[in-house]
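Engineer: The chain contents come next:
There are 4 protein chains.
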Amino acid sequence: MINRYSRTQLSEIWSEKTRYEKWFLVEVEYLRALEEEGIAEKGSADIIAESVALNPSRINEIEETTRHDVIAFLTHIEEQVPSASRFLHFGLTSSDVLDTGLALQVREASTAIDKDLADLLEVLRTLALANKDVPMIGRTHGIHAEPVTAGLFFAHYYDEFRRHRERFNGAAEEMRAGKLSGAVGTYAYGSPEREAKVLKRLGLEPAAVTTQIIHRERHANYLNVIALIGATVEKLSLNIRHHQRTEVSEMFEPFGRGQKGSSAMPHKRNPVLSENLCGLARLLRSYAMTGLENVALWHERDISHSSAERIVFPDATILLDFMLARLDSMLKGLAIKPEKMRENLERYGGVIFSEGVLSLLIRKGLKRQEAYRIVQRNALKAIETGGDFAKLLMEDDDAGKFVSPEEINETIDAGHSLRNIDAIFKRIFG
Amino acid sequence: MINRYSRTQLSEIWSEKTRYEKWFLVEVEYLRALEEEGIAEKGSADIIAESVALNPSRINEIEETTRHDVIAFLTHIEEQVPSASRFLHFGLTSSDVLDTGLALQVREASTAIDKDLADLLEVLRTLALANKDVPMIGRTHGIHAEPVTAGLFFAHYYDEFRRHRERFNGAAEEMRAGKLSGAVGTYAYGSPEREAKVLKRLGLEPAAVTTQIIHRERHANYLNVIALIGATVEKLSLNIRHHQRTEVSEMFEPFGRGQKGSSAMPHKRNPVLSENLCGLARLLRSYAMTGLENVALWHERDISHSSAERIVFPDATILLDFMLARLDSMLKGLAIKPEKMRENLERYGGVIFSEGVLSLLIRKGLKRQEAYRIVQRNALKAIETGGDFAKLLMEDDDAGKFVSPEEINETIDAGHSLRNIDAIFKRIFG
Amino acid sequence: MINRYSRTQLSEIWSEKTRYEKWFLVEVEYLRALEEEGIAEKGSADIIAESVALNPSRINEIEETTRHDVIAFLTHIEEQVPSASRFLHFGLTSSDVLDTGLALQVREASTAIDKDLADLLEVLRTLALANKDVPMIGRTHGIHAEPVTAGLFFAHYYDEFRRHRERFNGAAEEMRAGKLSGAVGTYAYGSPEREAKVLKRLGLEPAAVTTQIIHRERHANYLNVIALIGATVEKLSLNIRHHQRTEVSEMFEPFGRGQKGSSAMPHKRNPVLSENLCGLARLLRSYAMTGLENVALWHERDISHSSAERIVFPDATILLDFMLARLDSMLKGLAIKPEKMRENLERYGGVIFSEGVLSLLIRKGLKRQEAYRIVQRNALKAIETGGDFAKLLMEDDDAGKFVSPEEINETIDAGHSLRNIDAIFKRIFG
Amino acid sequence: MINRYSRTQLSEIWSEKTRYEKWFLVEVEYLRALEEEGIAEKGSADIIAESVALNPSRINEIEETTRHDVIAFLTHIEEQVPSASRFLHFGLTSSDVLDTGLALQVREASTAIDKDLADLLEVLRTLALANKDVPMIGRTHGIHAEPVTAGLFFAHYYDEFRRHRERFNGAAEEMRAGKLSGAVGTYAYGSPEREAKVLKRLGLEPAAVTTQIIHRERHANYLNVIALIGATVEKLSLNIRHHQRTEVSEMFEPFGRGQKGSSAMPHKRNPVLSENLCGLARLLRSYAMTGLENVALWHERDISHSSAERIVFPDATILLDFMLARLDSMLKGLAIKPEKMRENLERYGGVIFSEGVLSLLIRKGLKRQEAYRIVQRNALKAIETGGDFAKLLMEDDDAGKFVSPEEINETIDAGHSLRNIDAIFKRIFG
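Residue numbers (our numbering), protein chains in the order written: chain B, 2 to 431; chain D, 2 to 431; chain G, 2 to 431; chain V, 2 to 431.
Keep in mind the hints are simulated off the structure, nothing from the lab.
Just so you know, these numbers come straight off a predicted model, no measurement behind them.
Hints should not be assumed to be uniformly reliable.
Where chains are identical, the list cannot tell them apart; a pair therefore holds if satisfied intra-copy or between any two copies.
To be verified - Here are the simulated PhoX-like cross-link-like pairs (lysine-lysine), alpha carbons at most 25 Å apart as the crow flies: (1) K382 <-> K338; (2) K382 <-> K43; (3) K43 <-> K365.
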């Protein structure tokens, strides 16, 4: 992932250096188990752990010849401690190291992302509670519908991201699986017991059954969940953009001192963070597609998934971490404009309470579609002519004979529409 | 979905008829709650439930004018029972009916798919146990690696589909959520209590917070899991194709009496079922993409997801049901050829035990990469010349001085390689 | 594709009936060529063409046994005219018929879609010219930028769809290829000459080289172009939705007498057609993905593409035809509101001409970033406070000493901004 | 893109350095035009061109404050040459520079990729011609079908990549478009004439009509074509893998001295290059999806496409270049095994000529399905029992009375099946 969209911690998790360190950890712990079984000489693991200095460029140099990264890595260690490394990798296949190492990297990335999600939930909770009773027009199809509150807007996302966090941790838990089952998963030169012991020390679970590799459906699931979280980031960002558009002007992204919106137009203040997040969400979706195509491998494995994973695992996790952090800081600096919300809410007079009038007329004895026609014709007229909905209704012969002005005015009341907000908040925040 | 790839039960779940029936159920139960609250007249719900005959073509006819499907549906009922339906839909918005109805349809589809998965697991278990000890060459990169067993092949899929079943039921459970929260999710003309009561009677849970609709990230998750299951169907099918290819000939799809493989070539017996399943898996992937794009809607909802869902929900579930059933019956009729497996296993003499010789040489004191070079040069020579690997090794000066012919022959033993199969089966099947 | 999103002509092209008719056409013309070469008896082709009645349900019945559609089709003919059909399909493989038949269906679908595109271009041209000089605020990032015209909005799409039409016809032309090269594309029992003759009569070109099938990269390309056109339909629809949103209210989709926007809220008038088109565009994208995955087949072909194509070719073309027609009729009924456009354009006074003031200050000798800071601070203040931009500038010490009120007022002029509209239209419409 | 899958030339095209250089070029040439129009002082462009040293890290530093990359870039220049840069960017918007700069980068990338395609075509032509007459079994569904030749295999790809090259150059030509039309594409502070002059000097065409940006459907098209080429790279690679699999052993990827196939199994020689290419093709597909989602932007543009493009344009082009080069060198070192091909071809005796026998029986007067049944039962028996197809046929009462042993033997002849290979090659290579 390009630097622009990467944060340090995640970049380091996916660096060549960390990758080799994880492999090293796996090999050393495995060798220690071999010692305990009396296969390798006592002390080999400690010698290697203490004496070997990993040098990525030397490893790459060796790979030029071997055309195999794990063998290059092993050769690099053997160059430094020839005798202690005799039983290094004994009974293992490269994928034991690769998949177990990957699980260790993913675990770290997952911990960071879970932290991001926790932070985001906190911001959303704060915004939801602080704006619980700020009325805002609800919009369906982009058209004014009925009142909601600004806090409710954020409460939705709190609820949705809470579900995402559960899904994510479920998928991350599935990825906390290693394998040390050898070339085709049969422990031909190893044993399930040795695997269990080593993985436990590494903080991983053994995958119940493997081929040369851990089945890639776990990886695809993990990438799917990342794409899914991305889709909600996109939804929230998309709606911030809507709230910031000139004609709406209800919420504004932070705009720093010295910030400039446009090279041509000094008056511009654009929701660039949200737009950025919408674009990045597309990438997360695309990585999920690759993950799904990586599942169907040949026989005990082919290596077609490997090249794609070298790119999509770093890219997807780095990007999600970046996106969550950006969203978090954007929300923290978000300017919310209650007065503008009220202005928009009241823009078309009472028509947004047309459902109240409809209900009133039904209660008064009209049939639904009959009542509907009366309300609709007056509402559309009010919108088109800018007229007063209540007045038009009273002047309408069909409506006027059923309801009084007082009754109509009682329906035109945001307070009534919002009386259940507290109950909804209780459901979400307890 | 076209008939060719549909089974009756699923097609009916997604028929126009069922769709309207689910809406009807929601409206009637809701009306009953209104009765209980004293809003609607007592008995209205029963009158409607008993007197109304749903006629899809009449509804479509009305929709020509209203350009709104739920209103057409309501009008259709009102035409039949004008007075009983006065409070029908009172306080509801269309999406209350649509999303709750959809949840009911999805629940039925999910039950059917769960049954498919249970059946498939049973077939896989049977195949795994029956072939537990049938040796077969394991292949990585499409190249002979080390022995596995035919039963192990199926055990993998048992394990993977078991995980899928859990994921699927988790996603289905999330979809068992309805909403009756009105136009923008605020219960402006309804109440959380009424919603809770009605949904409980329908066997659904209320979504904690909604806009006009239930958040589409649940739907995307459900479609993702379907795509993920499809990817494993694809993997299994892909590998059946591999096992059936002429040069391998280890497994064969059922081939019925009177079946013809090719219009031109009467000798053909093709793995057409597996190929078919591979193709259909691509479609499941594509529907997942659409699901992910459906998440980010405007404000309290826009209706862009609706057209896509009308297609992908039926198509994805009908297709998955069809695929699982086809896979099931294909596996039941699968012909497994142990003798051909043995022939392939032994094709290259002992070279597939090169790891055993490598381990032996290391135990004898050689350094890993040194031992590797010796084994590699003899193994590649054996493959290229068709020579005897053990013999070549003994004639190799570097190897010959470390190991005896007896020691080499001991390493060339599939039994040793497969000694942990039982332990793996125990992990999976208990 | 479901009826809701299908038009008759396209549905018929993809009906089982048409499919068999195309196969029939291919077989009969091929048989005629065999007659001319003296292989089949003279008159066979005519006998078949005249006597055979295709009955899809009988064909399906036979397929139950043969498990092969083309053989079932051939058997169905042989049942009716046993002797005349002796040389039917002689030297052909099923895919000769399938791929050539598909090419004939695609050609018809392409002709219909090209007609849709031509119609759409005509509507766009009309809208562009009729609204060429209607000023409207241009928006970047959803924020008011500088003036454009309503006609220019449509001119963009004219230009873009014109490119699409070229791309589409290019892709359609590639699909106008048949093959009659036999089981593995070698004309083992046929000849290139016979193929050339028959295809010419069918109005197709021979694919230069084939395996059992025509390479699927042509098909993927065709589906890609369809997805690409869908993306522009989506863009146009998305922007109609933007223009219709309550706060903007510049354009309105047609809204029929008796149409109802919402079952709950009689005041709603929603851009449902545009929303619908946005959703359907997602499906076109997903079909393209399937097309791309269908390219990489095994050896001389595997049949995994076939199941997917049975769905995506009809679905993609039917949907695109439906979408273009819906877009066309929506645009024809589009209500455009010049007065509302002007109101929005003038909403923030002169700030939208901030670039003009910036340019003025640079011309007066200020450095760009210096001038920028002056203009930016006054523009943002005008927006936040609702103040008069020109007035604020004059009161600004830094600006005031460089420019006069007259000079500022001259820059605040939509006419100047739009002076090149005619030149742009000339480029597009000549 | 990670270094592992990048080549120098393409990486440099997409470096920050090159990006800024292209912007610089655009700004300087534009300034020169302003000089020629008498707006900017004579000589400014030359002063800037000669004096300014671009320092990416300083630009990034400024961007920390401005939160706008182009403004940071401009400020960086103004810091160095304050007076000469007064009219720099005068009348331009950032996207004028960004999109025109991008077009220049894409043009270079396209030239490199076109060269890759030309090289690949040359290798394919050589392989096709050299192996034109090497018989190989053709396989459909992975099952032996009828003979082809090894050269024909490569000829297919030659033909397909030739089409790709045309498509690619078409899409690249569309991308050779710049824009200097200002903030909303109206030339409000510029002119079409100035744009035409500057773009001509840069070797680009003006886009006929633009908003703030060039329409992204061109970009999506370019990425689609890249994905499409990737799909054919995948097909070729997939089939090399098939030909190399142990049981087939007809073609082998190059395997260098010192190369190691597996860390566990010294006997392995795996088709890792082809597998790698199959994985990378998945990524190209996913980038195309992102490209399609980037088309539908808001109004005169939103910037959501930008973040995604920063990643997918470099990644897609760098990857395609890498893939084509890897494919090229892999094909150059490909080992082709005619003797193994012949062995496989003859594995099942004459059954692969079952179509010949079918044709013979039809000529002898049998009806097609009758003849089919006779041939099928003998062919399947020959395959299952390993029996001699010709002998079985002669012993079959139904067949034996129609044909003589000589006639059967004449049909069992690869030479006859391959008699049209030259004609096919003539079509392709002239």
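Engineer: Taking the hints in turn, state whether each one holds.
Structural biologist: Results for each hint:
1. K382 <-> K338: Classified as between: cross-chain Cα gap 16 Å, same-chain 30 Å, threshold 25 Å.
2. K382 <-> K43: So K382 and K43 fail the 25 Å test inside a copy (90 Å) and across (37 Å) alike.
3. K43 <-> K365: between (92 Å within a copy, 17 Å between copies)
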